[in-house]
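Undergrad: Chain residues, written in single-letter form:
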Amino acid sequence: MNRDELRAVILEELSCIAPDIDSDTLDDQARLRDEYDLDSMDALNLLAALHKRVGVNIPEADYARMHSVSQLLDYLEPRVAR
Amino acid sequence: MAPPAHRTTAPRGGLLRNLPDYEAARTTFTWNQARAELAGMPGGRINIAYEALDRHLDSPTAHRTAIRYLPREGDPVDISYRKLAERANRFANVLAELGLQPGDGVYCLAHRMPDLYAAALGTLKHGCVFTPLFSAFGPEPIRSRVEIGQPVAIVTTERLYRRKLAQWIRGTPSVRHVLLIGPVEDTPPDTLNAAQAMAAQSPEYATRPMDPEDRALLHFTSGTTGKPKGAIHVHEAVVAHHITGKLALDLHPEDIYWCTADPGWVTGTSYGIISPLTNGTTMVVDEEEFDAERWYRILQDQRVTVWYTAPTAIRMLMKHGPELARKHDLSSLRFLSSVGEPLNPEAVHWGRDTLGLPFHDNWWQTETGGIMIANFPGMPIKPGSMGRAVPGIETAVIRHTDDGIERIEDPAETGELALKTPWPSMFRGYLNEEERYRKCFVGNWYLTGDLARCDEDGYLWFIGRADDVIKSSGHLIGPFEVESVLMEHPAVAEAGVIGIPDEVAGETVKAFVSLKPGFEPEDVLMKEILALARKRLGPAVAPRQVAFRDRLPSTRSGKIMRRLLRARELGLPEGDTSTLEGGKE
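If you read the sequences in order, they're chains A and B. Mapping to this note's numbering: the first sequence position 17 is 694, numbers consecutive. Mapping to this note's numbering: the second sequence position 188 is 1533, numbers consecutive.
Simulated from the structure, these hints should not be mistaken for laboratory data. All values derive from a computational prediction rather than experimental measurement. Mixed in with the good hints, there may be bad ones.
To spell it out: a stretch of chain B is covered by chain A in this simulated footprint if at least three of its residues, at any positions, have a beta carbon under 8 Å from a beta carbon of chain A; those stretches are [what the hints assert, rightly or not]:
no., segment
1, 1659–1665
2, 1877–1886
Pairwise CB distance ranges (calculated) [claimed, not checked]:
no., chain 1, residue 1, chain 2, residue 2, range
3, B, T1372, A, E712, 50 to 60 Å
4, B, P1447, A, A725, 43 to 53 Å
5, A, A725, B, L1669, 16 to 26 Å
6, B, R1894, A, A685, 29 to 39 Å
7, B, E1549, A, A707, 38 to 48 Å
8, A, L688, B, P1725, 46 to 56 Å
9, A, A725, B, E1558, 46 to 56 Å
10, B, D1755, A, A725, 35 to 45 Å
11, A, E712, B, P1365, 42 to 52 Å
12, A, A707, B, P1387, 48 to 58 Å
13, B, P1835, A, A725, 28 to 38 Å
14, A, A685, B, G1863, 29 to 39 Å
15, B, I1845, A, A685, 24 to 34 Å
16, A, A685, B, K1904, 40 to 50 Å
Once the Cα atoms are required to be at most 27 Å apart in a straight line, the calculated DSS-like pairs of lysine-lysine come out as [what the hints assert, rightly or not]:
no., chain 1, residue 1, chain 2, residue 2
17, B, K1872, A, K729
18, B, K1572, B, K1861
19, B, K1872, B, K1861
20, B, K1855, A, K729
21, B, K1664, A, K729
Each residue gets a CB set at the ideal place from its N, CA and C atoms; glycine is no exception.
All chains should be built: construct the whole structure from the sequences, respecting the hints.
TA: Next up, the structure:
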């Protein structure tokens, strides 16, 4: 899965949890919590959904590094089976 | 049989407990004594902010740290009691210059930042009525609360103003001033840069002496039906804020105290602003939201001694496992407490095993203004119980009878939890809703709406709510407020909203909707409805799930039977369905 495909998966899962976010205009660098009103429950649900989708288990200790879509991509990309 | 009681460990830090003997305190405590611990003002007057700030200024406390603010990034910022008082004074002077009068409402919608505290205390100093709003509310909950409370001024940040207020606030005639705290890049029209306005004011302000029964705080809470309720609290409430912090949280002036509740809610006001200051502690204020590693680092680096947090947060820490906790030096902690929803026994034990101290659960509501029931320091904890009544508070578990209520004596029987009136922080009304207020009382008992039982040792056990209110992450959510927004979607015919159990949040909001003719229950539509709810309500109130049903169970008068929806969803007994329209699905 390349970075673009992975990004599409993240946006798809994000839209299930927070469909109020417009994925066409989403800023990959923006903090999801500040700019798109994602709370900690949403974040937990998103990481669980991504685990299911791409098979990467994100340990709780790494949650703090996942503030934006680009941070998610940086974390997941090297870990996703090609 | 009640689970075995566990003795709390000896206090750390060499401090004497404020409540050495609970049984003795129950017989000797009087509210007059509690009042005498505060300074008061001439002529029997009082002001919450005077007790929180002014009365410390002639003592060594003036130079001690009131707030240790931890910005998202960068070094902690220490604000002394004197500096905080000066900042609050400048804010009070701004309100005076804008022409605000005592009794006028000031709302605050902001995330945790130093001037939020100055604004709250400055508002009280000037005799205005302070209302906190949660910054994760969407525009709809904010707007309905503004329409009910008719504030004269709103304190917020530039970002929140642009995102949640700018589109509609000019249409609400009561709001004459919008003050922006925190960094302001470009002051929007009709708003005021609070920091600039404060800089132009004097740091002196003579705190207004208030009648003990004058309004001080207006806290919104949710009921089953209708709009949010504005619970009115008066300046006299500070007597309870102070003494309950001292007795139930064991606050000492030497303490580094961290209340993790956001000041957008009642806990974050009573125990996140007022009580820690009246008790002269240093309070830690973290700008950031929950993050396990950051939280352990704060407990360690700030040498936190008393920690007041919530079950949802504790359960999230538990998910991270014990290793992360053990990497940190948490030896400064001496007392742990929790509020918001019942704390499960596993969490109490986890505290002891992982942090070295058990959590002490306590119970109270927006309406009670302060802690009413607690596992006190020095008293055996019963894990899973909310503890025993605060000295000065009488509780009862009651059943409703044809001509009123009667006390339940059987420790095995569940009834409604009631508190004997009055006490200083008891709410004095629901704003403009006298009838709704009166319904909360029978004789001299306040009925809490919570179901509980009282064991043979006087410990109270929470069983559930007597109504359909949902409790998610410790916050009450009124199903009607959510259903009203869902009904705005053109495809929705009926909406019913319930809480479903969640291992972290206690409950999460789930919505059931039926569709108007011509609409298909498709995934796209489901997302559309969910999106609308999140946009209007914000993530703290919106449903996490939306499910379609052909029709919703309703009474013959057309009222959605939420209880039945819940019973079906969770596979519980459905109870009496004789008044039901439609029957089973």
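Undergrad: For each hint, tell me whether it holds in the structure or not.
TA: Now for the hints, and whether the structure bears them out:
Three residues within the 8 Å Cβ limit are the bar, and the segment 1659–1665 of chain B against chain A gives 3, so the coverage statement holds. Coverage of the segment 1877–1886 of chain B by chain A holds [criterion: at least 3 residues with CB-CB distance below 8 Å; count 6]. Range check, T1372 (chain B) to E712 (chain A): about 56 Å between beta-carbon atoms, so the 50 to 60 Å window is met. The supplied range of 43 to 53 Å is met by P1447 (chain B) and A725 (chain A), whose beta-carbon atoms lie about 51 Å from each other.
Checked against the hint of 16 to 26 Å, the C-beta distance between A725 (chain A) and L1669 (chain B) comes to roughly 19 Å, which is consistent with it. At about 32 Å, the beta-carbon gap between R1894 (chain B) and A685 (chain A) stays in the expected band of 29 to 39 Å. With their beta carbons about 43 Å apart, E1549 (chain B) and A707 (chain A) fall inside the hinted range of 38 to 48 Å. Here the CB-CB span from L688 (chain A) to P1725 (chain B) is close to 52 Å, well matched to the stated 46 to 56 Å.
In this structure the supplied range 46 to 56 Å holds for A725 (chain A) paired with E1558 (chain B), their Cβ-Cβ distance being about 50 Å. Against the hinted window of 35 to 45 Å, the Cβ-Cβ separation of D1755 (chain B) and A725 (chain A) comes to about 44 Å, which satisfies the hint. Between E712 (chain A) and P1365 (chain B) the C-beta distance comes to about 51 Å, which sits within the given range of 42 to 52 Å. Between A707 (chain A) and P1387 (chain B) the Cβ separation comes to about 54 Å, which falls inside the hinted range of 48 to 58 Å.
For P1835 (chain B) paired with A725 (chain A), a C-beta distance near 32 Å keeps the hint of 28 to 38 Å intact. Under the hint 29 to 39 Å, the C-beta atoms of A685 (chain A) and G1863 (chain B), about 32 Å apart, fit the expected range. Separation of I1845 (chain B) from A685 (chain A) is about 30 Å and conforms to the stated range, judged on CB atoms against 24 to 34 Å. About 44 Å separates the C-beta atoms of A685 (chain A) and K1904 (chain B), a value consistent with the hinted range of 40 to 50 Å.
Distance check on the hinted pair: K1872 (chain B) and K729 (chain A) sit about 20 Å apart at the alpha-carbon level, within 27 Å; holds. Taken as a hint, the K1572 (chain B) and K1861 (chain B) pair is honoured in the structure, with Cα atoms around 25 Å apart against an allowance of 27 Å. Of the pairs offered as hints, the one joining K1872 (chain B) and K1861 (chain B) holds, with about 17 Å between alpha carbons and a cut-off of 27 Å not exceeded. Between K1855 (chain B) and K729 (chain A) the alpha-carbon distance is near 22 Å, which keeps this suggested pair within the 27 Å criterion.
Of the supplied pair hints, the one linking K1664 (chain B) and K729 (chain A) holds, its CA atoms being roughly 18 Å apart against a limit of 27 Å.
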